[in-house]
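Participant: Fit chain B to the known structure of chain A by using the hints.
Residue numbers (my numbering), protein chains in the order written: chain A, 1 to 164; chain B, 1 to 591.
Read the hints as simulated data drawn from the structure, not as lab findings.
No false leads were slipped in.
Residues from chain B shown here face chain A by an in silico Cβ test under 7 Å; the list is partial:
| no. | residue |
| --- | --- |
| 1 | H377 |
| 2 | S385 |
| 3 | K387 |
| 4 | G388 |
| 5 | Y389 |
| 6 | E391 |
| 7 | T392 |
Where is the CB? At the ideal position from N, CA and C, for every residue including glycine.
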Amino acid sequence: MLSTGNLLEVYPMMEAQAVKKEKRIMVVEDDININRLVSYNLSKNGFITESVYDGFEAQERLSREVFDVVVLDIMLPSIDGFRICKTVKENPAAFNTFVVILTARAESQDMVYGNMVGADYYITKPFSVNKLINIIKELTVMRDKKYSVLLHSSIGRSWSEGGN
Amino acid sequence: MMKIKLHWKLTFVFCLVVILAVSTGYFYLDSHLKSYIENNLENNIKHQLALGKDLLETNLKDKVTPADFQELALSMDKALGLRVTIIASDGKVLGDGELTKEHLFKVENHAGRPEVKDAFAAGLGLSKRYSYTIKKYMLYMAIPFAYGQGSGVLRFSVPLHDIELLEAKMRNVVAISIICILLLSLGLTFLASVFISQPLTEMSAVAEAMAKGDFSKRARMRSRDEIGQLAQSLNSMSEQIKDKIDRIDAERAKLDLVLSSMFEGVIVTDDKERITLMNPSLRKIFLLDSNPEGKKPLEIIRNAAVAEMVDKILKGKQHLATEEISVNIPEERILRVNGVPIMRNNRLEGAILVFHDITELRRLEQIRQDFVANVSHELRTPISSIKGYAETILEGALEDKENLKEFISIIYQDSDRLASLINDLLDLSRIESGKMKMLFMPLDTVSVIKRAVTVLENQAKAKSITFRLDIPSNIPRIRADEARFSQVMINLLDNAIKYTPENGSVSIIASLVDNYVQVDVVDTGIGISEKDLPRIFERFYRVDKARSRELGGTGLGLSIVKHIVSAHGGRLWVKSEPGLGSTFSFTIPLV
Numbered sequence: 001m002l003s004t005g006n007l008l009e010v011y012p013m014m015e016a017q018a019v020k021k022e023k024r025i026m027v028v029e030d031d032i033n034i035n036r037l038v039s040y041n042l043s044k045n046g047f048i049t050e051s052v053y054d055g056f057e058a059q060e061r062l063s064r065e066v067f068d069v070v071v072l073d074i075m076l077p078s079i080d081g082f083r084i085c086k087t088v089k090e091n092p093a094a095f096n097t098f099v100v101i102l103t104a105r106a107e108s109q110d111m112v113y114g115n116m117v118g119a120d121y122y123i124t125k126p127f128s129v130n131k132l133i134n135i136i137k138e139l140t141v142m143r144d145k146k147y148s149v150l151l152h153s154s155i156g157r158s159w160s161e162g163g164n
Numbered sequence: 001m002m003k004i005k006l007h008w009k010l011t012f013v014f015c016l017v018v019i020l021a022v023s024t025g026y027f028y029l030d031s032h033l034k035s036y037i038e039n040n041l042e043n044n045i046k047h048q049l050a051l052g053k054d055l056l057e058t059n060l061k062d063k064v065t066p067a068d069f070q071e072l073a074l075s076m077d078k079a080l081g082l083r084v085t086i087i088a089s090d091g092k093v094l095g096d097g098e099l100t101k102e103h104l105f106k107v108e109n110h111a112g113r114p115e116v117k118d119a120f121a122a123g124l125g126l127s128k129r130y131s132y133t134i135k136k137y138m139l140y141m142a143i144p145f146a147y148g149q150g151s152g153v154l155r156f157s158v159p160l161h162d163i164e165l166l167e168a169k170m171r172n173v174v175a176i177s178i179i180c181i182l183l184l185s186l187g188l189t190f191l192a193s194v195f196i197s198q199p200l201t202e203m204s205a206v207a208e209a210m211a212k213g214d215f216s217k218r219a220r221m222r223s224r225d226e227i228g229q230l231a232q233s234l235n236s237m238s239e240q241i242k243d244k245i246d247r248i249d250a251e252r253a254k255l256d257l258v259l260s261s262m263f264e265g266v267i268v269t270d271d272k273e274r275i276t277l278m279n280p281s282l283r284k285i286f287l288l289d290s291n292p293e294g295k296k297p298l299e300i301i302r303n304a305a306v307a308e309m310v311d312k313i314l315k316g317k318q319h320l321a322t323e324e325i326s327v328n329i330p331e332e333r334i335l336r337v338n339g340v341p342i343m344r345n346n347r348l349e350g351a352i353l354v355f356h357d358i359t360e361l362r363r364l365e366q367i368r369q370d371f372v373a374n375v376s377h378e379l380r381t382p383i384s385s386i387k388g389y390a391e392t393i394l395e396g397a398l399e400d401k402e403n404l405k406e407f408i409s410i411i412y413q414d415s416d417r418l419a420s421l422i423n424d425l426l427d428l429s430r431i432e433s434g435k436m437k438m439l440f441m442p443l444d445t446v447s448v449i450k451r452a453v454t455v456l457e458n459q460a461k462a463k464s465i466t467f468r469l470d471i472p473s474n475i476p477r478i479r480a481d482e483a484r485f486s487q488v489m490i491n492l493l494d495n496a497i498k499y500t501p502e503n504g505s506v507s508i509i510a511s512l513v514d515n516y517v518q519v520d521v522v523d524t525g526i527g528i529s530e531k532d533l534p535r536i537f538e539r540f541y542r543v544d545k546a547r548s549r550e551l552g553g554t555g556l557g558l559s560i561v562k563h564i565v566s567a568h569g570g571r572l573w574v575k576s577e578p579g580l581g582s583t584f585s586f587t588i589p590l591v
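So here's chain A without its partners, still in its complex pose (with noise of 0.2 Å):
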């Protein structure tokens, strides 16, 4: 769990996404295809995307940057997405970050992994489009109302008095 050191810390951060209208995603697929499905999908909706290929660079991506939502594939080449998943979900910096895991891998003991590992939501392919862009969606209005109450917490409040 964040203790309250790190959540303020990271709070500024918080706060200049909540400013921001738009979301960015990473889309985290080698299949150049379905990369850019997702991509173009997403673009049309309004959110801002990222394409990455590779399981290397998505890692290193994640730990510098923010993003509201990373689409994640599994089967990736360098470092698999339940690696990925992991450190995006145990860096505090990225505490508000979604992920959904949209992979071929349709076991039940990787769904159970990918649970395990912190994913917030998994597809497996085939997929619907229209599926994945409406759970995205929910997904950041969640996000902007887990925001909004966090503001009206005790922690919330006595920093906004100091501020004042």
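Facilitator: Positioned in the frame of chain A, the structure of chain B alone reads:
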């Protein structure tokens, strides 16, 4: 303890018997000899006395002077060799063969002598006593006689000393003969006992050899008696034992052979959990070099599950136990352990543990599972793409003139990919299940390669890649299925073209190696790194996934090629230098 040989014992017993017999005889003889001689003597004297009496009575008819008595006594003495005395009825000595006339008168009266008294009283007198006259032990015998006007006694006397001499002489003879008999029988006894004990000694040696495991010796049959029968029994026993031992040895050897040729490891323990037997496979599995007999299974297989299993079996709680264990010696191995109790006559005598190394089985299972997962992934990806783009177009991209055409071409590409994937999967499964029918025919090597090259000429031309063919015109024919051989050639050439940059070259070199034609496909392409090289023929293994996808590869091509080549009885391998190019080589047998 001193070992006394049998023949000595026998000799001793025989000697004892002989000595006893001879000495009994001797004492018997000794005790009867004296009386016999005496009796004999007495009888002789008695007869001589009777004769003397007759002689005396005849001679005394007319002569009756004392001088006549003396003369008669002297002549009789001389004739008989005895002391002859003639005594008158009043006891006066009338004549004596041993005395002179002068002496005769000095001789005392003999009336009181017991023999004289007896002679008068009973007709015959006998007495043995010391004679003071001649100072010797004497035998006296007397008989009464009658003449003209009177009567008297005729007495013969013999010194007993003579009898004793005779007796001693006799005794000597007996003693010497007894000693001779003794010595003779001793020798005979020794020979006899040696003769009796010899076969026994021999049999004992045979029995001893048998005890030491040498069954080649046989006891000699010398006779048909009990000893001969014993020898015969011993020989047949030896044969039977040898037969049984041979059979046991054969069984043992068979068991050893079974155990040592078994792939599974076997441990046998007694009821105290101590190992009594272990086969070479088990030693190999657990890398044991010391002798584990007498140890407990836990000491050599450091696994709690196995120890618990043995414990349960030996406590009679379990009749068939199965456990899967994982051991690290030195790399991980998975073993399936089956344990059963050894029961004999309803008694628990130990346990048998059988270790199957199922590492390879598990690995193959894993490969199969991975393959299934891979197939699933490879199928789902193009379907996702097709479905997703179609959905996108339907959801409005129909109006997006900029992207529409491209989306449709992606759908087309991915359908194509799906189709070729399905074709490759079917090929692979047909080859692997042995259902692919191959028609092996003699093929002309030069023309069959050239036909395959023609198929790809346009593709090469498009990238300005030149084909170089180096095939000797006199190369022998190969035995192959033309369609499959072409598939191999096209696949390898297709790869070579795909991974070779523009203006490169691809060489096809055929040569004769032993009983095979070796075909090398040499490209000047990007090459394959050392770490990818060993895995290149694995199913769905791609060096560069994105590039492979882009080039329409399914990840199964080389795997299929490898299968086809080995179905022809050939071999496929690859050499590569990253940046310089790769050489794929394969062999196909000659007709």
